[in-house]
Amino acid sequence: MRCPRHLGFAVRIVTAGAAVIGRSVCAVEPALQPVPANAPAPAFAKDVQPLLVKYCSECHHGEKAKGGLAFDTFKDESTAVSRRQDWEKIARQLDSEMMPPVGKPEPSDDERALVLRWIESRVLKIDCSKVDPGRVTIRRLNKTEYNNTIRDLLGIDVKPADDFPSDDVGYGFDHIGDVLSMPPVLFERYLAAAERIADAALLTPDPDRAPVKSGKGKTLGSVGEAEMEMEFPKTGDYVLRVKCYADQAGSELAKMMLKLDDTEIETLDVAAVEGQPELYTVKLNVPIGKHKFAARFLNDYYKPDDPDPKNRDRNLHVQRLEIQGPLGVLPDALPTSHTRLITCRPADGTDPADCARAILRPFVTRAFRRPATADEVERLARLVVAATKAGDSFERGIQVAVEAVLVSPHFLFRIEVDPEPLNPQAVHAINDYELATRLSYFLWSSLPDDELMRLAQEGALRKEGNLAAQVRRMLKDSKSAALVENFAMQWLQLRNLKLINPDLKQFPNYNDALRSAMETETRMFFEAIVREDRGLFDLLDANFTFLNERLAKHYGISGVQGDQFQRVTLSTPERGGLLGHASVLTVTSNPTRTSPVKRGKWILENLLNAPPPPPPPNIPELKDGEGKLEGTLRQRMEQHRENPACAVCHTQMDALGFGLENYDPVGVWRVKDGKTDIDASGTLPGGASFKAPVELKAILKARDGDFRRCIAEKLLVYSLGRGLEYYDKCTVDTIVRNTAANHDKFSALVLEIVQSDAFQKRRGKRGDEP
Amino acid sequence: MSFVGNITRRTALRGLGTAIALPLLDSMPRPLATATAADSIAVAGPLRMAFVYVPNGVHMQDWTPKTEGENFELPSTLEPLAPFKNDLCVLSGLTQRKAFANGDGGGDHARALASFLTGRQARKTAGADIRIGVSVDQVAATEIGRYTRFPSLELGCDAGQQSGNCDSGYSCAYSSNISWKSESTPMAKEVNPRVVFERLFTNGRPGESSEARAKRQRYNQSILDFVRDDAQALRGKLGVTDQRKFDEYLNAVRELEVRIARADAAAESESVAGFTRPAGIPGDYAAHIRLMEDLMVLAFQGDVTRVSTMVIANEGSNRSYPFIEVPEGHHDLSHHGNDEKKHEKIKKINRFHITQYSHLLERLKGIKEGEGTLLDNCMIVYGSGIGDGNRHNHDDLPIVLAGRGAGTIKPGRHITYPNNTPLNNLFLSMLDRMHVKCESLGDSSARLAKLDG
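Chains F and B, in that order, are what the protein sequence lines are.
Counting from 1, one number per residue, gives the positions in the first sequence under our numbering.
Counting from 1, one number per residue, gives the positions in the second sequence under our numbering.
Isolated chain B, as found in the complex (with noise of 0.2 Å):
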C-alpha cells in the first residue's frame, strides 16, 4: 500500500465537513486561511479565548471593587492589575449554578471544576459513569480549531492527583480537568513546560533533512490508516462502554491526521522568536507558573492556536506557599471559619495569583497585532468556580475579563449583574465574539449584556 493514504485522507478530510483547503501536504503555507467569517477577522490578527482558573475560591471582601462602572478601585487583590486596568472588566454576581449540590450532597471542588466551562451538573461517581458537558472553549475549538494547527491547548501546573478519592465520591477526573471534549471525555492538560514547547514548536528530529521528515510524515500516514482500520473493524464488536472508549480513539486518530497532513517542511524552529526551549518543570511555583503562560503567549502569537485553559492548580489544592510566608495548605486555609489571620493568608494566595495573571497581560501588551496589541485581540477569563471558600458557594464569583475581544468588549469597568446571573451567559456571548454558532450552552439564560459599554 504504498502511500496511497494521501488521496483517501483528502477525501476523508473532506468529509469531516470542513473547508479546509488541502493541496500537497509539504507546500502548505501556514497558517491555513480559508474563506469564512474568520478571514475578516484574520486582517487584524484573529481573536483568542483564554480561560485561567484558580481553587478554592477568593476573599471576596478584598476582591470586588466598592463602585460600579468606570472609575472603580481596585481593591487590594487586584493592585496586581493596575497597569491593564483599562484592559479589562471585573464581573460580578455572576454564578454557575449547576456547581450547587442540588441534591448531589458534598463535592463542591470536584464539581467547581468540572461545571465552571460547562455549566452542567456532573454526574456523581467515582468513575463508572463520567459525565458532564462539553466546555466553551472545547465548543470553540471544534468550530475554529480548524484554521490553527492546535485546536486547542490545555495547560496546568499540577497533574491530576494519582491515588485517592478526590472529592466526596467524586472521580478525580472531575478536580483536575477544566476542558471536556464531550460529556466523558476531558482534555488532560499539559504541566511539563518542555514537553508543550516541543509538541507546539519543533517538528522533527534534530538534523532531520525535509526530505527525510516528510517521508517520515508518509509513514505515519500509512500507520493511521492501519490503525483506523483495526478500530474500526474491531468497533463494530464491542459493547456501547467500549465503543465510546473507541470514538475518542477514532476521533484522536483523525485530528492527528489532519495535524500531518498540515505540518509544514519548514526546519526544526529550536527557538522561536528568541525563546528558550524550556528544560522541564521550574522548581519555583510563580516561574512554572509564568512559564506555561508564555508558551500560551507564544501559541497565540504565532496563531499555533486560539483558545486555550490553564488550571494554576486543581480544585480543591491543599498546595503550601512558603514562599509568601503562607506554609499552610491553601484548601486548609480557605475553611477559615472566619478567622482574621487565615483571611491575610488567602488574601496573600490571591493576591499571589493575580500578579501571575497580570504577568500573562504584560506578555500579550507587549506585543504589537496590527494597530493594536495582542491583548486587544484576545478574551482572558481569570476566576474561580467557588466565591468564598469557607462557604463553599458557587454564586457571585470572582471573575476578570481581559482584551478587548478585537473591539467588541469596552474594558476599564466594574460590571454588576444580579447575583446568580449564569456565568455561561458570558461565555455564550464570549462564542459570538468568535464567530462560534452557539444558541444555548449548559445552564446559559441569555447573552450577557453590557460588554460592550
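Next comes chain F alone, as it looks inside the complex (with noise of 0.2 Å):
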C-alpha cells in the first residue's frame, strides 16, 4: 500500500490552487524522523545523482526521457540547480509516492527524505534578506473591474460587462492576468460596449443619432389602433416609424393611418408580407409635451368561406412604433455623464482640435491611470477633426474618440512596464500612479479616484503615513464593497452557491429568494468586518449576524420582520461565525444530502490552509458486491476510510465535516437524520477531539496561525492577480507577523499587504519563468 506522505514542504504551492507556503498537508502524524538540525546538508553528485540514475533514468533519460525530463542532462550541481521548475514537480511526484511508478524499484523513505532535502536546501532556499517581489503579467479588466471601471470613469451604470463571457479562474480567482485571455468574440464585445457606452453618456445632434423610444406592436386582426404615448422633450423634428406587415386578402393592399393624438399624419398602403416586415417612416415637427402616435388598420376584410384560403382575412401585424428625436439639436437636459465631460464646445466654423485636446487629456489620464501622453491626446483629437470633417457633430467626433479609448490596450490592461524585461535582478519599485492602480483595483475593483490621482501626480502616495490614511479611507468607502463583493465571495466559494440545486422534495422551501438571503447574510457579515474594522478571528466566532425574515425563520430565529436585512445579536452559538453560515453550508453539500467530505475539505481549503491534496492514483476498484458500502453515512464513511490511501486525508477531512452533521443541506439546525440521532463528534488528528459544531469552532478557533495564513495568503493572491510562488514565503511570513502583532485588525492584514515588497515592486522575467 502506497500512503502518501505529506512532509511539510513547500512545493504544494504549484499543486494546490490555493497557495500554500512551507506547511504540511493532511499532517496526520510526522512520517519521517525529524532531520537532526546539524545534520551535513545532502550534495548533488554524492547523494542524489546516484538515486535518480538507480530509481529514475530507467524512463527519464535521453532523448525519448518520459514527459521530456531526461535526467542525464542534470551534469552537475550548478545545471541540476537552475531546472527550478523540474525540481518543483519532482518534488511533488516523490512527496506524495506517484513516482516511481507501481511495479518500479522503490526508494527507501530516507532515500525519498534524502532527496526532499537536497530540492529544499539547495533548489527552493529563500533568502529572506532579499526579499523577492516577483512579476505579475498584465491584467486585462475582468468583467466586474470593467463594469465599476465605466462607472466610476463615465458616471454611468450600464453594466455592460454583463453580456461579455465569463472570466476564467486561476488560484481561486477570476482576475489572474495570466489566465485572462482576450478572444475575439470578447474583443468584439469590448467595441460593441464601447459604442454602447459612449452613447449613453454623450448626447450628440446629429439626426440620426438622435434618440429613440419604441413602443409595443400589436396584431390588428379588425379596425384597430396600436399606439405609444410619449413626452417630447422640445419642440422640433421628430422621425415616426412603424414595423410591420400585413397577411393581404381581398383587392386592396392593407391600408394604415399614422396619427399624431387625433390627427391624421398619412396614410400608407402596407405591403409588406410576413417574415419581410418593412419599416413605413414619417418626419413630423411635433410641439413639446405629451402626444399620441398610433397606426390605425383602415380596411378589415374578412370572407372566411373564400374558397382561397390565403384570400380570407386581412390583418394588420405592427411589430414596433418608433420616435426618433428631437434631430438635429441637442436636448436641453443633458445628463451629467455628458456636461461633466463635454467642458467646451468649439465656436461654429474653428478648429475643434482645440477643445476636442481640452476634453481628452483628463479623460484619457483618469481612463489611462497614467498621464496621457500628448501623441496620444492628438491622435485622438485627430478623430475627432476627421468626425466633424466627414460632415458630423463635434459631441459625435468625441463619442468616437472614448470609444477608442475605451478598446485600448491601455485602458484594458493594467500595464507595468519593467525598465529591463528580461533582467531577474533589477527589482525597481512601480511608480506612484501604478500604485494607486494597484490599490484601487485592490479595495474597489476599480480605477483611482480623484484623491489617488493627485497623490499620485504629486509623488506623495508613499509619503509618511499617506498609505495607511488611504488604505483606511478606501476601506471606509462605500466602494469597498468589491471587496467583499470578488474577494470574500470568491475565497469562500460562495458564487459557486448559484450552481447548487438542494432536491426540492427534501427541502421544499429552497428557493432563489432563500439562496439570495444566504448570500447577503454572509456578505453583510464580511462587509461589517471590513468596515468596521474588526479582528479576523470574528470570521470564525461572532455574536453577531444579518438576517431576514426568511433567513431568520430557517434558523428558527424569532423577532426579526420583514424583508430587511437587520443586524441581530446571537444568544447561542450556533449561527455565530461563517460555519454558522446557511451559505456556507448549503456550497459545500450534495443536492441530496450533506457532504462531510466536501465540508471538511472547504475547511481544510479556506480556512486552515491545508488542502488536501487528490486522491491517490491507482485506488483499487470496487467489484461488484464486495465494494458496497451499507450503514449510515458514517458507518459508510467509516468503511471508506479502511483502506489507509484514503485514510491519511480522511480521517482528517471527514472528522471536520462531521462535527457540522448538525446542520442539514441546506444549514437548517437538525439533531436527527431521518431517524438516526445527529452524532457530530469527531476527534481530530493529533487528539483534539469535540462532541458539536460549537467546540470544533473552539478548535478551529485555536489553530490561530493557520487561519491567519490562510487569509493572508488568500487575500495577497487576491490583490496581486497572481499565484503566490516559493519565493513570496519571506513576504508572507512578515505580514502574518505584524497583523497578528496589530490585533489581528482586518485593515492592519489589508496594510501589511499594501507595504509589502510584492505589492510595491516587480521585477524583470527569470529564465526559467514561464
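Since the hints were made in silico from the structure, they are not lab data.
Misleading hints may appear alongside valid ones.
As the list claims (entries may be wrong) - Once the Cα atoms are required to be at most 20 Å apart in a straight line, the calculated DMTMM-like pairs of lysine to aspartate or glutamate come out as: (1) F/505 with B/325; (2) B/215 with F/206; (3) B/215 with F/199; (4) F/505 with B/332.
Both chains are given apart, each in its own frame, so use the hints to dock them into the complex.
Structure below.
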C-alpha cells in the first residue's frame, strides 16, 4: 500500500490552486524522523545523482525521456539547481509517492527524504534578506472591474460587461493576469460595449443619433390601433416609424393611417408580408409635451367562405412603433455624464482640435490611470476632427474618441512596464500611478479616484502615513463593497451557490429568495468586519449576524420581521461565524444530503490553509458486491477509511465535516437525520476531540496561525492577481507576523499587504519562468 | 486621418496571406466566395463540423451497441437517436490518451475536456502557465474561417465556474473550455442565446439607416487603426508573457477588422427565417440546450460559420436533473460505486443529453440543401472525454459521428476500433474532409479507417 506522506514541504505552492507555503498537508503524523539540525546538507553528485540513476533513469533518460525529463542532462549541481521548475514537479511526485510508478523499484523513506531535503536546501532555498517581489503579468480588466471602471470613469452604471463571456478562474479568483485571455469574441464585445457606453454617456445633435423610444406592436385583426405615448422633450423635428406587415386578402392592400394624437399624418398602403416586415417612416415637426403616436388599420376584410384560404382575412401586424428625435439638436436636459465630459464646444467654423484636446487630456489620464501623452491626445483629437470633417457633430467626434480610448490596450489592460523586462535582478518600485492603480483595483475593483490620482501626481503616495490613511479611507468608502463581492465571495466559494440545486422534494423551502438571503447574510457579515475594522477571528466566531425574516425563520430565530436585513445579536453560538452560515453549509452539500467530505475539504482549503491533495492514483476499483458500502453515512465513510490510502486525508477531512452534521444540506439545525440521531463528534489527528459544532469551532480558533496565514495568502493572491510562488514565503511571513502584532485587525492585514515588496515592487522575468 | 485607413487595411488584409476578395466594403455580397478548393463543395453546400460535449462519461453498458457494422441495435441510452440511425455512426474504441494522468496525478475532469479536441497533455497549473494545444475546430477555423463571417462559433450552457479550484490544481480554464485558439488562449464560449443571436444576426442598431451604419463601420475602422498602433508601440516594451497577451489582443483586432470589412450593408434582420429573437437564457435546461442548438443550425444554414463547438455542461459538472427525477448531482452520481440505483439515474441523464442531441440532428435533417439535407453536409461529433465516470478512464470513449460529411462518410454503422486508437485520428480524417491540410494533430497516429465504408 502506498500511502501518500506529506512532508512539510514548500512545493505545494505549485500543486494546489490555493497557495500554500511551507506547511504540511493532511499532517496525520510526521512520517519521517526529524533531521537533526546539524546534519550535513546532501550534495548533488554524491547523494542525489546516484539515486536518480538508480530509480529514475530507466524512463527519464536520453532523447525519449518520459515527460521530457531526462536526468542525464542534470550534469552537475549548478545545472541541476537551475532547473527549478522541474524540481518542483519532481518534489511533488516524490512527496506524494506517485513516482516511481507502481511496479518499479521503490526508494526507501530515507532516500526519498534525502532527495527532498536536497531540493529544499539547494533549489528552493529562500533568502529573506533579499525579498523577491516577483512579477505580475499584465492584467486585463475582468468583467466586474470593467463594469466598475466604466461606472467611475463616466458616471453611468450600465454594466456593459454582463454580456461578456465569463472570465476563467485560477488560484480561486477570476482576475489572475496569467489566466485572463482575450479571445476574439471578447474584443468584439469590447468594441460593441464602447459604442453603447459612448452613446449612453454622451448625447449628440446628429439626426441619425437622436434618441429612439420604441413602443410595443399589436396584431390588428379588425379595424383598430397600435399606439405609444411619449413626452416630447422639446418642439422640433421627429421621425416616427412603424414596423409592420400585413396578411393580404381581397382586392386592395392593407391600409394604415399614421396619427399623432387624433390628427392624421398620412395614410399608407402596407405591401409587406409575413417574414419580410418593413419600416414605414414619416418625419414631422411636433410641439413639446405629451403626445400619442398611433398606427390605425383602416380596411379590415374577412370572407371566411372564400375558396382560396389565403384570401379570406386581411390583418395588419404592427411589430413595433418608434419615435426618434428631436433631430439635429441637443436636448436641454443633458445628463451629468455628458456635461462632466464635454467641458467646451468649438465655436462654429473654428478648428475643433483645441477643444477636443482640452476634453480628452483629463479623460485619457483617468481612463489610462496615468498622465495622457501628448501623442495620444493628438491622435485622438484627430479622430474628432475627422468626424467633424465627415459632416458629423463635435459631440459625435468625442464619442468616437471615447470609444477608441475604451478599446485601447492602455485602458483594457493594467500595464506596468519594466525598465529591464528580462533582468530578474532589476527589482524596482512601481511608480506612484501604478501603485495607486494596484491599490484601487485591490480595494475597489475600479480605477483610482481623484484623490489617489492627485497623490500620485504629487509623488506623495508613499510619503509618511499617506498609504495607511488612504487604505483606511478606501476601506470605509462604499466602493469597498467590491472587496466583499469579489474577494470574500470567491474566497468562500459562495459564487458557486447559484450552481447548487438542493433537492426540492426534501427541501421545499429552498428557492432563489432564500439563496439570495443566504448570500446577503455572509456578504453583510464580511462587510461589517471590513467597515468596522474588526479582528479576523470574528470571521470564525462572532455574536452577531445579519438576517431578514426569511432567513431568521430558516434558522429558527424569532423576532426578525420583513425583507430588510438587520443586524441581530445572537444569544446562542450556533450561527456565530462563517461555519454557522447557511450559505457555506449549502455550498458544501450535495443536492440530497450533506457531504462531510466536502465540508471538511472546504475547511481545510479555505480556513486552515491545508488543501488535501487529490486522491492517490490507483485506488483499487470496487468490485461488484464486495465494494458496496452500507449503513449510515458515518458508517459508510468509516468503511471507506479502512483503506489506508484514503484514510491518510479522510481521517481529518471527514472528522471536520462530521463536526457540522447538525446542519442539514441547506443549513437548517437538526438533531436527527431521518430516524438516526445526529452524531457530530469527532477526533482530529493529533487528538483534539469535539462533540458539537461549537466545540469544533473552538478548536479551529485555537489553530490561529493556520487561519491567519490562510486568509493572508488568499488576500495576497487577490491583491496581486497572481498565484504565490516559493519565494513569496518571506513576504507572507512578514505580513502574518505584523498582522498578529496589530491585533489581527482587518485593516492591519490590508496595510501589511499594501506595504509588502510583492505589492510595491516588481522585477524582470527570470529565465525559467513561463 | 479621415478614413484613409481603408487602403492600409486592405493592404494589411492581403498581407495576412488570405485569399479574401476585398472590394469596396459595402458592396460585398454574401457569402464570400473564393476561388479555392472549398469552392467545389460550395456548390452543393459547404461541409460543416461541430463537436457536442457531455461531462462525466456515460454508462457504457447501455451505450455500446452489441454488434458491429450495419443492422446494429441501438442500446437504451441511444434509443432517442432511432430516427437518425442511418445518418450516424457509433464509434467504439477511440481514446484520448493525453487525458490520462501520465504522471500528473489527479484532475481527470479538467484534463478530459482540455484534451478532448486537442489531443495534448494539459500543463498542470492553477494559472501561471496555462498550456494545452490548438483544438481541431480552431485548426479548421484558421484555415476555412475566412470563407464565412465568423470563423467559428463556441457555444455552451454553463458559464465558467466563478470561484474555487476546479479540479485538483488545474485552472478552471481547462475544465470549462473545449476550444483552444492557441496553446494558451481558450475560446470563451457563449451561454446566452440572446447574445449569440445578436452577434450572429443583427448588424446595427434599431432604426439605423444604411448610410449611418456604413459611417459607423468606418469610425470603427479608424478606432481599430488607432488601438492597433497603440498596441504595437507598447508591445516592444513588454516582457515575454505580457507580449503573449498582447498578441492575443492584436490578433483579436485583426479578426474584427476582417469582420467589419465583410459585414454587408443589409438592414438589420430581427428575425432570421422566422426565428424569434431569444430573450435570454431559458429557465428550462432542455429548452436552453435546444435553443443553443437551433442557433448553431441557423448559423450553419446561413453559412455564417462552418465550425462550431458546444459544451452541454462543464466537465465535472454537478448539475442536478430534478425534471427527470434525478435530484442528485451528476458528478456525485458518476462516482456510482457500482450502485444499481445510481446507474439508473446516470442512464437517465445520459438519455436526456442524447435526446437533446437528437433534436440537433432533427433540425439539421429538416433543412433541405441541394439534393439532400443540411445534415448530409455536416459532421457532428457527440461525446465525452471520460468513459466511465467512476473510473475516470479516457479510453473506449463514447463517441457518435452524425452526418454524411458531404458524401464522404457512410453512416448507419457501429464501427469498432482497437481500443486506444487515438480520438485525434478521427479529427485528422475530419480535417481532410474539410479540405484543411494537417499532417498530425496532437497525438494522432494515422487517419481513421473505415469511415467511408
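**Proposed proximity, residue 199 of chain F with residue 215 of chain B (alpha carbon, max 20 Å)** = holds (15 Å)
**Message:** Run the distance test for residue 505 of chain F versus residue 325 of chain B: straight-line Cα separation, threshold 20 Å.
**Reply:** holds (10 Å)
**Item:** Distance restraint between residue 505 of chain F and residue 332 of chain B, which requires alpha-carbon spacing of 20 Å or less
**Value:** Measuring from Cα to Cα gives roughly 18 Å; hence the hint holds.
**Prompt:** Taken at face value, is the distance from the CA of residue 206 of chain F to the CA of residue 215 of chain B at most 20 Å?
**Reply:** The hint holds at about 12 Å.
Hint compliance for this structure: every hint is met.
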